[in-house]
Amino acid sequence: MDALVEISGLTKRYGDTLAVDGVDLTVLPGEVYGFLGPNGAGKTTTLRILTGLIAPTSGDVRVLGGKPGQADVLGRTGSMIESPAFYPYLSGLDNLRLLAEYAGVSRRRIDEVLELVDLADRAQDRFSTYSLGMKQRLGVAAALLKDPELVILDEPTNGLDPVGMRDMRRLIRELGTGGRTVVLSSHLLGEVQQICDRVGIINSGRMVAEHNVEELRGEQELVVRADPKDRAQAILTRFGNVHQYDDTLRVTVDPARAAEVNSVLVGAGIAVSELHMTERALEDIFFELTTEEKADVG
Amino acid sequence: MLGSYRAEMLKLRKRSAVWVLFGAGLVLSLIFGYLLPYLSYTTGDENPSTGGVPRAEVLRGMLPERVIDNTIGGYPIFAGALALVLGAIVIGGEYTWGTLKTILTQRPRRGTILGAQFLALGTMIALWVLGIFIACALCSVGIAAAESGSMTWPSIGTLAQGLTGGWLVLMTWCLAGAVLAVAFRNVALPIGLGVVWILGIETLLAGVVSSLLPGLKWLTNTLPGTNAGSLVFSVTGMGSSDAPPGVRDAVGGGRALLTLFAYCAVFAALSLWTTRRRDVT
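Sequence order for the protein chains is A and B. The opening residue of the first sequence carries number 1 in the UniProt record's numbering; numbering runs sequentially from there. The opening residue of the second sequence carries number 1 in the UniProt record's numbering; numbering runs sequentially from there.
Possibly wrong hints are sitting among the right ones.
[Stated by the list, open to error] Every beta carbon over 12 Å from chain B, so not counted as near; a handful from chain A, in silico:
| no. | residue |
| --- | --- |
| 1 | Pro29 |
| 2 | Thr177 |
| 3 | Val208 |
| 4 | Asp230 |
[Unchecked claim] Chain B stretches covered by chain A per the calculated footprint, using a threshold of three residues with CB under 8 Å from any CB of chain A:
| no. | segment |
| --- | --- |
| 5 | 9-19 |
| 6 | 105-119 |
| 7 | 270-281 |
[What the hints assert, rightly or not] From the derived model, a few chain B residues whose C-beta atoms are all more than 10 Å from chain A:
| no. | residue |
| --- | --- |
| 8 | Leu26 |
| 9 | Val27 |
| 10 | Gly44 |
| 11 | Leu63 |
| 12 | Ala144 |
| 13 | Leu159 |
| 14 | Ala206 |
| 15 | Gly207 |
| 16 | Leu223 |
| 17 | Gly252 |
| 18 | Leu257 |
In case anyone wonders, no lab produced these hints; they're calculated from the structure. Beta carbons are placed, not taken as given, at the ideal position from N, Cα and C, and that holds for glycine.
For reference, chain B alone in the conformation it holds in the complex:
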């Protein structure tokens, strides 16, 4: 297992697409978490984009105290989509390049190889989360220093809870990409379907259900996007008014956590079952 894990890490480490996706997530987090709010803060209340939010409130949102909010606030939507793309390209690439037959004819069993792939993806996602956190922390420290803001940090427990929750959100979407790649033995189709689901379908469903079919709210509350948003909401200090798109308190934090774990388990089990049973042609 250790050898297979090292092999998977070598593949991920040397694949530029993995770092491009990480870079995109990092840049988007910094733009929406710090650059745009800081511009609106410096240009004052006259800027219509602040929408009447007091400047002190805008500044407080960028200080170290709120670093977790800015680190994982975008995970349920855009970073989730990037994680789904990561899962799809890593697992689907084995089919499109035909390398699956090459690695399956080495010594380890199919389950071991897939397990090592998921473990390596989990490691890479953890590095993404950590990388984005460090960048956000540096920005918040810089802004606090420049604007004489508070240097108070969240407790270690709060930080750990927030980063772990963020990792679980991204891992859920990454495994969703992986299971779609196994199902379609492809890269493009899983990315297309997955991204449309994350960015469009779930939001559309939630809107239709809340306005036309309130009796089906229980159904939308079981969807991965809803639970990802709810978990992020529960581990950050956001209020309903200042939460970014996709982050809301649809279900409680505990339930969201269990639901995301269940999705991860189901996606991994389905991938394993299919990979072990199917002919590699």
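Next up, chain A with everything else stripped away, as it sits in the complex:
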């Protein structure tokens, strides 16, 4: 399957600062790709390069088979980079009308995207009167105006309240299931875990991982809270790898053996107060990877 976005060895330097350092990244057709990283990691710089707003210092970047910023590529790409930026004195509708003029899009499509982001009722109001959530939704509407093959959204849930975040996640999931390819950057790990098929994790300008979400989260673990912990840990090593996490012990073991684990511990006179299966959250992996990276750099 040909990749829609292919980046290899991408570097962007501002004076002495290396914002992006040899990033490799591949986005496949039809997937929702999560681009994760802490603030200042290089996510937005990479996305700006993808949309042709800034030129890379070195490296090879292909978007939809062409170079970023080419008219044909831009015509098939919808994007919202950082905060949505529109003309404050114009209404939401007029802002979309002028973008439609630039992009050569029909008026009918404006109505469709306004309905899609649930903004039709307020379309005649000035952009400056919109709430943050409405501004974000108008940004997404603008990104979808060209009915693009590739949608690039940079922190689309920034500043939204919980209801707004839920609606935005639902919208992005719908985009993904509709056959579009979505590149979504975020520092909200739960959000990416819920929405994305694959993730790339960037830290200090370098890609530290790129996997399917499930691959990245790895095997399930059995969480055990027991007393005394030392003796419990010694016994649990018979079942699999054991590590401590907060006040609990975590064992990599087949979920079907949970009852057996409990029986052995109780039989050895150990009090078990908690026993359940868990999956590693993306958050744990993210912190492991970004902390390692910092340690390596340090």
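Chain A is fixed; fit chain B onto it per the hints.
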């Protein structure tokens, strides 16, 4: 290109600041071209503001025959400053609002978008010139009718030459505002620097050069304000004595025309070169 032009016209049409600037230019033109002269005419020679100018001469300056003088007489200074503000707010606003990234990620290339912006500004300036001309024409007709003055109009060629010259003067200052806005990615600084240049620096330089450094007159004769004033002088019927501030015969009309064209070309090229090369961060 046509779609981008329509988009730019929509932005200009719906922006109140554009019409406020036009309104300011219009009101100032009417005040200095008709209201103050008419007051001095009606109050007679006793008014010290007429400075001994015969009343018939004051009236003649307000009649249809001199409509071009009153339409574009203020362009080298105050209307020029307003045009510079227009260029700065239109182009600089894209940077301060961050909308540049929004429009550059649509389909057209950067050069096309900037070209459409300049074309739309040129159209708006033409509407300004036409609007001020119509208002001045109506005033002159009203005064001629009220004072039984002559209804003789300048020839079509003279009118066209005057209005085109006025448009070029305003377009030069508008593009100066635009290139400063691109350079500073801002609105306030270009307006500050540009207006100080138009209203102060050029006049100061001309004064210093004529009194202290006459050998450098060639330098002041290359400045945009000097050439704007010279072009307006050459396409109107003003004499050196009755020309408003900034309008004078420092250089010939042909040279002034070419110099202003050159400034427009340089300002547009610099804006284009910078916009195409620079990262949008």
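How the hints compare with the structure:
Every CB of chain B lies more than 12 Å from the CB of Pro29 of chain A, the least distance being 21 Å, so the non-interface label holds. With a closest Cβ-Cβ approach of about 24 Å to chain B, Thr177 of chain A is found to remain outside the 12 Å limit, as its non-interface label requires. No Cβ of chain B approaches the Cβ of Val208 of chain A within 12 Å, the least distance being about 24 Å, so the stated non-interface status holds. Distance check for Asp230 of chain A against chain B: the nearest CB is about 55 Å away, which clears 12 Å, and the non-interface claim stands.
Coverage of the segment 9-19 of chain B by chain A holds [criterion: at least 3 residues with CB-CB distance below 8 Å; count 5]. Interface restraint, the segment 105-119 of chain B with chain A: holds (6 residues with C-beta to C-beta distance below 8 Å; minimum three). For the segment 270-281 of chain B, the stated coverage by chain A holds: 3 residues have a C-beta nearer than 8 Å to a C-beta of that chain, and at least 3 were required. At the 10 Å boundary, the C-beta of Leu26 of chain B stays outside the reach of chain A, the nearest C-beta of that chain being 21 Å off.
For Val27 of chain B, the requirement that its beta carbon stay farther than 10 Å from each beta carbon of chain A is met, with the minimum near 22 Å. Distance check for Gly44 of chain B against chain A: the nearest CB is about 48 Å away, which clears 10 Å, and the non-interface claim stands. Every Cβ of chain A is farther than 10 Å from the Cβ of Leu63 of chain B; the closest lies at roughly 41 Å, confirming the non-interface assignment. Non-interface status of Ala144 of chain B relative to chain A is upheld: no Cβ of that chain comes within 10 Å, the nearest being about 41 Å off.
Remark: the non-interface label on Leu159 of chain B is consistent with the geometry, its nearest Cβ contact in chain A lying 34 Å away (cut-off 10 Å). Every beta carbon of chain A lies more than 10 Å from that of Ala206 of chain B, the smallest distance being close to 39 Å; the non-interface claim holds. With 10 Å as the threshold on Cβ separation, the claim that Gly207 of chain B sits away from chain A holds: the shortest Cβ distance comes to roughly 41 Å. No Cβ of chain A approaches the Cβ of Leu223 of chain B within 10 Å, the least distance being about 35 Å, so the stated non-interface status holds.
Look at Gly252 of chain B: its CB is around 43 Å from the nearest CB on chain A, clear of 10 Å, so calling it non-interface holds up. Every beta carbon of chain A lies more than 10 Å from that of Leu257 of chain B, the smallest distance being close to 34 Å; the non-interface claim holds.
Against the hints set out earlier in the document, no violation occurs for any number.
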